[in-house]
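Peer 1: Listed below are the residues making up each chain.
Protein chains: 2
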Amino acid sequence: MPRAATVADVAAAAGVSRQTVSNVLNAPDVVRPTTRERVERVIAELGYRPHASARRLRTRQSSTLGIRLSQVHGISGAVLDRFLHALVEHGDQRDMRILLFTAADPDDEIRQFARLSDGADVDGFVVTGTFHDDPRTSWLREHGIPFVTFGRPWGLSDMNAAPHPWVDVDGRAGLREATTELLARGHRRVGFLGWPSPSGQGDERRRGWRDAMARDAMRGVPGLDRLDLACQDDVTAASHTMAAARERGIEFDALVCASDTLALGASFVLGTGIPVVGYDNTPVTDALGISSVEQPLAEVAGAAFELLMGPTGRVVLPSATGHRLLRPQVIWRG
Amino acid sequence: MPRAATVADVAAAAGVSRQTVSNVLNAPDVVRPTTRERVERVIAELGYRPHASARRLRTRQSSTLGIRLSQVHGISGAVLDRFLHALVEHGDQRDMRILLFTAADPDDEIRQFARLSDGADVDGFVVTGTFHDDPRTSWLREHGIPFVTFGRPWGLSDMNAAPHPWVDVDGRAGLREATTELLARGHRRVGFLGWPSPSGQGDERRRGWRDAMARDAMRGVPGLDRLDLACQDDVTAASHTMAAARERGIEFDALVCASDTLALGASFVLGTGIPVVGYDNTPVTDALGISSVEQPLAEVAGAAFELLMGPTGRVVLPSATGHRLLRPQVIWRG
DNA sequence: TCGTTCAATATGAACGTTCAAATTGGCTCG
DNA sequence: CGAGCCAATTTGAACGTTCATATTGAACGA
Numbered sequence: 001m002p003r004a005a006t007v008a009d010v011a012a013a014a015g016v017s018r019q020t021v022s023n024v025l026n027a028p029d030v031v032r033p034t035t036r037e038r039v040e041r042v043i044a045e046l047g048y049r050p051h052a053s054a055r056r057l058r059t060r061q062s063s064t065l066g067i068r069l070s071q072v073h074g075i076s077g078a079v080l081d082r083f084l085h086a087l088v089e090h091g092d093q094r095d096m097r098i099l100l101f102t103a104a105d106p107d108d109e110i111r112q113f114a115r116l117s118d119g120a121d122v123d124g125f126v127v128t129g130t131f132h133d134d135p136r137t138s139w140l141r142e143h144g145i146p147f148v149t150f151g152r153p154w155g156l157s158d159m160n161a162a163p164h165p166w167v168d169v170d171g172r173a174g175l176r177e178a179t180t181e182l183l184a185r186g187h188r189r190v191g192f193l194g195w196p197s198p199s200g201q202g203d204e205r206r207r208g209w210r211d212a213m214a215r216d217a218m219r220g221v222p223g224l225d226r227l228d229l230a231c232q233d234d235v236t237a238a239s240h241t242m243a244a245a246r247e248r249g250i251e252f253d254a255l256v257c258a259s260d261t262l263a264l265g266a267s268f269v270l271g272t273g274i275p276v277v278g279y280d281n282t283p284v285t286d287a288l289g290i291s292s293v294e295q296p297l298a299e300v301a302g303a304a305f306e307l308l309m310g311p312t313g314r315v316v317l318p319s320a321t322g323h324r325l326l327r328p329q330v331i332w333r334g
Numbered sequence: 335m336p337r338a339a340t341v342a343d344v345a346a347a348a349g350v351s352r353q354t355v356s357n358v359l360n361a362p363d364v365v366r367p368t369t370r371e372r373v374e375r376v377i378a379e380l381g382y383r384p385h386a387s388a389r390r391l392r393t394r395q396s397s398t399l400g401i402r403l404s405q406v407h408g409i410s411g412a413v414l415d416r417f418l419h420a421l422v423e424h425g426d427q428r429d430m431r432i433l434l435f436t437a438a439d440p441d442d443e444i445r446q447f448a449r450l451s452d453g454a455d456v457d458g459f460v461v462t463g464t465f466h467d468d469p470r471t472s473w474l475r476e477h478g479i480p481f482v483t484f485g486r487p488w489g490l491s492d493m494n495a496a497p498h499p500w501v502d503v504d505g506r507a508g509l510r511e512a513t514t515e516l517l518a519r520g521h522r523r524v525g526f527l528g529w530p531s532p533s534g535q536g537d538e539r540r541r542g543w544r545d546a547m548a549r550d551a552m553r554g555v556p557g558l559d560r561l562d563l564a565c566q567d568d569v570t571a572a573s574h575t576m577a578a579a580r581e582r583g584i585e586f587d588a589l590v591c592a593s594d595t596l597a598l599g600a601s602f603v604l605g606t607g608i609p610v611v612g613y614d615n616t617p618v619t620d621a622l623g624i625s626s627v628e629q630p631l632a633e634v635a636g637a638a639f640e641l642l643m644g645p646t647g648r649v650v651l652p653s654a655t656g657h658r659l660l661r662p663q664v665i666w667r668g
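First to last, the sequence lines map onto chains G and Y. Per this note's numbering, the first sequence starts with residue 1, numbered consecutively. Per this note's numbering, the second sequence starts with residue 335, numbered consecutively.
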């Protein structure tokens with residue numbers, strides 16, 4: 001393989017200076033059209049491609065975002081998968097790359113933040129799975145490193161005044177929509193199977209179900225609390241919880257769940273007659289014909305870039321810390 | 335945030351030259367211990383971290399491997415997930431990074447190869463999901479770009495004389511082991527549900543089942559072919575195929591499958607009495623208590639690096655194209 | 001005593017790009 | 001007709017590191 005062409009080679013072959021070649025690539029409008037065409041032709045002939053590291057060294061930006069590849073997370077691992085895919089595709093359009101790293105725990109993740117940003121490996125981070133009093137976001141903020149979270153900053157009184165940009169999916173709206181539709185289809189005793197409180201996302205989803213139930217149903221139905229179940233995010237636990245509820249004499253018309261894992265476990269007990277709605281639209285629910293709430297991951301990825309880069313071509317420390325709350329979509333099946 | 339420290343800063347503070355600082359990091363043994371300690375102390379004080387892009391520019395290697403993040407892959411998406419995780423962790427130890435890219439089809443993937451390697455974004459690639467007459471591997475070979483495949487070069491008469499390094503998991507051994515164990519437990523009519531031939535991996539797994547059946551069972555059992563079923567890799571298709579077989583009067587003691595997807599579909603029809611073994615050990619089988627063959631993905635990742643870098647610290651065009659065929663492990667459940 | 005050798009460290013250049021500032025030359029206008 | 005302007009292009013330097021080579025000084029043998 002011959003040595004790769006450089007700007008100097010292109011410049012010589014086209015009879016212009018290095019800078020003009022650079023301009024053809026980075027600021028085409030300042031170059032006279034005839035010159036531009038000539039240079040472009042030479043670039044194509046030589047198969048010239050700018051050396052990424054040289055460019056990064058000079059411009060002092062890596063055009064790369066870091067994201068933690070979290071440890072496998074049960075049945076809904078596909079969510080991170082799809083999110084990653086969306087990030088990479090969106091990044092392509094913006095000339096950004098995605099670099100993976102792993103971490104054992106939040107502190108370790110902070111150590112990786114330091115390593116990657118000190119080494120100028122990345123311009124910023126996409127932080128997933130935020131939680132109450134998240135040490136990661138405060139660390140990044142203190143160190144002036146750009147980032148955006150997928151997940152809102154739980155525990156704040158006013159989400160709109162968050163100290164950093166975030167994107168999230170409105171699980172409450174998702175479950176409200178699912179429940180409302182079930183009620184519209186004539187179901188009355190629509191139950192909820194979620195996670196024990198407190199849980200940021202879990203409680204939001206529960207609220208969505210309550211919203212719909214309080215507004216629409218509750219005519220001659222016992223207290224909502226009887227239909228409100230919770231257990232660990234585990235298939236077997238979900239089955240047990242549902243079976244126990246039945247034994248206590250609680251009957252369900254339909255069920256909405258905080259996750260596909262719970263939906264799967266519940267559907268074994270409820271059988272095929274009673275509609276169950278899960279959350280995350282994992283391949284399993286697709287395969288089994290269970291309805292599910294799907295997060296708009298492509299839009300989440302787009303919003304993440306938008307918040308981090310704005311209309312500009314580079315990652316900036318966002319002065320106005322925006323946010324985006326996206327609506328999920330219910331996929332009906334069966 | 336103050337400007338990050340550079341080798342020059344460290345050198346000045348420690349009263350040595352740039353090169354000595356560089357040596358402390360890259361060739362500690364040529365520096366006198368007392369000097370080394372002094373420099374190391376200064377490095378710690380200043381929080382110096384080498385600038386990755388500058389180093390890459392100078393050394394002409396990116397210390398990065400590219401891997402395609404393939405489009406969603408049904409129920410066994412978790413496999414790529416876990417493989418990625420293993421790659422990243424292993425890469426950490428070798429000071430290598432993993433860069434993601436996406437591609438719509440093999441030709442597009444080749445275009446990405448060109449883009450990333452011309453731009454010196456990566457030193458090489460990990461290519462997954464090889465198939466018969468794979469244009470990707472020939473392209474990479476022709477262009478002198480280092481790579482290793484996860485998946486053997488299907489279609490060759492002699493795998494040991496492959497034109498490029500590869501790692502793969504011995505699915506045949508996995509299914510042989512699973513089947514042998516079922517026979518040892520007293521099952522006789524052990525069926526196989528796989529994919530239609532020809533299929534590299536699928537046929538290998540079928541062979542594993544046949545190995546065990548031919549060796550151990552077949553005393554007073556009808557022809558193997560009756561117990562050998564195939565359908566698309568789809569839960570519903572698997573259920574239908576099993577149901578149809580039953581209607582034709584074929585009875586099973588146990589079943590081994592080419593994938594967890596098939597195992598899932600089959601287990602719905604067979605119920606809980608008849609043991610089913612899947613392939614890939616996805617979270618679903620774990621959740622449902624279905625046995626499954628697990629691929630040693632961490633070892634695959636290790637072998638990939640080993641083949642690509644050898645004992646050296648850098649990616650090299652492997653002159654001797656080695657390979658590694660790893661044994662999977664059956665996870666018994668239920 | 002004086003070259004010779006070798007370990008330890010220092011110096012200058014180079015990797016390929018873009019930034020900042022300088023140069024060129026055609027055009028307008030008083 | 002010359003000063004002034006502007007678009008187009010060029011030039012020199014710099015980003016932070018490591019390579020290749022040079023320099024230093026102490027130890028050694030004849």
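These are calculated hints, taken from the structure and not from any lab test. Idealized CB from N, CA, C, for every residue including glycine. Please note that a few of the clues may not be correct.
Derived coverage of chain G by chain Y (criterion: at least 3 residues anywhere in the stretch with Cβ under 8 angstroms from a Cβ of chain Y; other residues may be distant) [said to hold, decoys possible]:
hint, segment
1, 42-54
2, 81-90
3, 97-103
4, 280-288
5, 305-314
Peer 1: Taking the numbered hints from earlier one at a time, note which ones the structure violates and give those numbers from smallest to largest.
Peer 2: 5
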